[in-house]
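J.: Model the full structure from these sequences, guided by the hints.
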Amino acid sequence: MSFFDSFLSLFLKKKVGLALSGGAARGLAHIGVLKVLKRNKIPVHFIAGASSGAIVGVIYAAGMDPDIMEINAKKIGWFRFLRFPPRLSGILSTEEIEKFLIQNIGNKDISDLNIPFAAVATDLRSGKEVILSEGKAAWAAATSAAFPGIFSAVESDKSLLVDGGLVNNLPVSVVRGMGADFVIAVDVVPGKPMKKIPENQFQILGRSYDIIVKKSSEESRKSADIVIEPDIPEDIWHFDIDEQARLIKAGEEAAQKKMPAIKAKLLF
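Start counting the sequence shown at 161; every next residue gets the next number (the numbering used here).
Keep in mind that the hints are not guaranteed to be accurate.
Below, a list of computed lysine-lysine pairs in the DSS-like style, where the Cα atoms sit at most 25 Å apart [what the hints assert, rightly or not]:
id : residue 1 : residue 2
1  : K173      : K201
2  : K356      : K382
3  : K174      : K418
4  : K375      : K355
5  : K382      : K175
6  : K318      : K374
7  : K175      : K195
8  : K175      : K352
9  : K201      : K425
10 : K201      : K423
11 : K352      : K318
12 : K235      : K418
13 : K423      : K375
14 : K173      : K418
15 : K173      : K425
16 : K234      : K259
17 : K409      : K355
18 : K375      : K352
19 : K198      : K175
20 : K355      : K374
Derived CB-CB ranges, DEER-like [to be verified]:
id : residue 1 : residue 2 : range
21 : G295      : G339      : 18 to 26 Å
22 : L365      : I262      : 29 to 37 Å
23 : A421      : I262      : 20 to 28 Å
24 : I262      : P393      : 41 to 49 Å
25 : K201      : D269      : 42 to 50 Å
26 : K174      : D225      : 21 to 29 Å
27 : K201      : E359      : 39 to 47 Å
28 : F399      : G339      : 17 to 25 Å
29 : D317      : K355      : 30 to 38 Å
30 : D402      : G337      : 34 to 42 Å
31 : E359      : G223      : 20 to 28 Å
32 : K355      : E294      : 40 to 48 Å
33 : K417      : G295      : 34 to 42 Å
34 : R199      : N232      : 14 to 22 Å
Just so you know, the hints here were simulated from the structure itself, not pulled from any lab data.
For clarity, every value in this text was computed on a predicted model and none was experimentally measured.
Note that CB positions come from ideal geometry on N, CA and C, so glycine has one too.
T.: Quick look at the structure:
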């Protein structure tokens, strides 16, 4: 055990929270970040996620090792989510995402997870953020990932819920509200100017969405203690699930670069 590990285990007083952004398939980069945090024995006391960040976050909160998450990621394909909803508010149903999560973590309540967890959703009726921190974990994460127009909106009480990225794509405020006093925010939405222009309407729509959520996440990035921004190759788009290896590698590389700063801030 290194000096850092020994010191951290004995004297760390800070409660570490992870805020995991949405970004569709690019959320797979979160797995690479988790691998590096585990390798460096950085504790995680709270997790809040939006959209694909909620999916990765809930699996980790349930206790799955990041190395196993990486192996399982290779088995994911959009074909497994091809279930059409009973109502035409989207092309696909979030029920298949929910089933996928249940297969991986069981049908647990959020209160039964190893790490306190919250998912962020957007209420289409009010336009406001909805924090899902109670009830079934798989349902909460799947609802948070209901990308508008692709996945059907989810009815819950008097709310009509979709992707949490619309209102809070980098939920630093949520994880602080859970009790974290040291927040590591992982933003997988690309922020650099593009060298190539989008080639079709889906890429134009996706790039437009990225610009909006990146702008709206500025305050969240400022309020985090550490921001990890994987360098996502610009030829990887929102639904390129088959790019797992490159995405996970991007997450690992970005987290490793931030590790000295994370350790320094945790120690002092």
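J.: Hint by hint, note whether the structure agrees.
T.: Hints versus structure:
no., hint, in the structure
1, K173 with K201, "holds (15 Å)"
2, K356 with K382, "violated (29 Å)"
3, K174 with K418, "holds (18 Å)"
4, K375 with K355, "holds (19 Å)"
5, K382 with K175, "holds (19 Å)"
6, K318 with K374, "violated (29 Å)"
7, K175 with K195, "holds (19 Å)"
8, K175 with K352, "violated (31 Å)"
9, K201 with K425, "holds (15 Å)"
10, K201 with K423, "holds (10 Å)"
11, K352 with K318, "violated (39 Å)"
12, K235 with K418, "violated (29 Å)"
13, K423 with K375, "violated (28 Å)"
14, K173 with K418, "holds (20 Å)"
15, K173 with K425, "holds (12 Å)"
16, K234 with K259, "holds (17 Å)"
17, K409 with K355, "holds (21 Å)"
18, K375 with K352, "holds (12 Å)"
19, K198 with K175, "holds (16 Å)"
20, K355 with K374, "holds (18 Å)"
21, G295 with G339: 18 to 26 Å, "holds (20 Å)"
22, L365 with I262: 29 to 37 Å, "holds (30 Å)"
23, A421 with I262: 20 to 28 Å, "violated (37 Å)"
24, I262 with P393: 41 to 49 Å, "violated (32 Å)"
25, K201 with D269: 42 to 50 Å, "violated (28 Å)"
26, K174 with D225: 21 to 29 Å, "holds (24 Å)"
27, K201 with E359: 39 to 47 Å, "holds (43 Å)"
28, F399 with G339: 17 to 25 Å, "violated (35 Å)"
29, D317 with K355: 30 to 38 Å, "violated (46 Å)"
30, D402 with G337: 34 to 42 Å, "holds (36 Å)"
31, E359 with G223: 20 to 28 Å, "violated (41 Å)"
32, K355 with E294: 40 to 48 Å, "holds (44 Å)"
33, K417 with G295: 34 to 42 Å, "holds (37 Å)"
34, R199 with N232: 14 to 22 Å, "holds (19 Å)"
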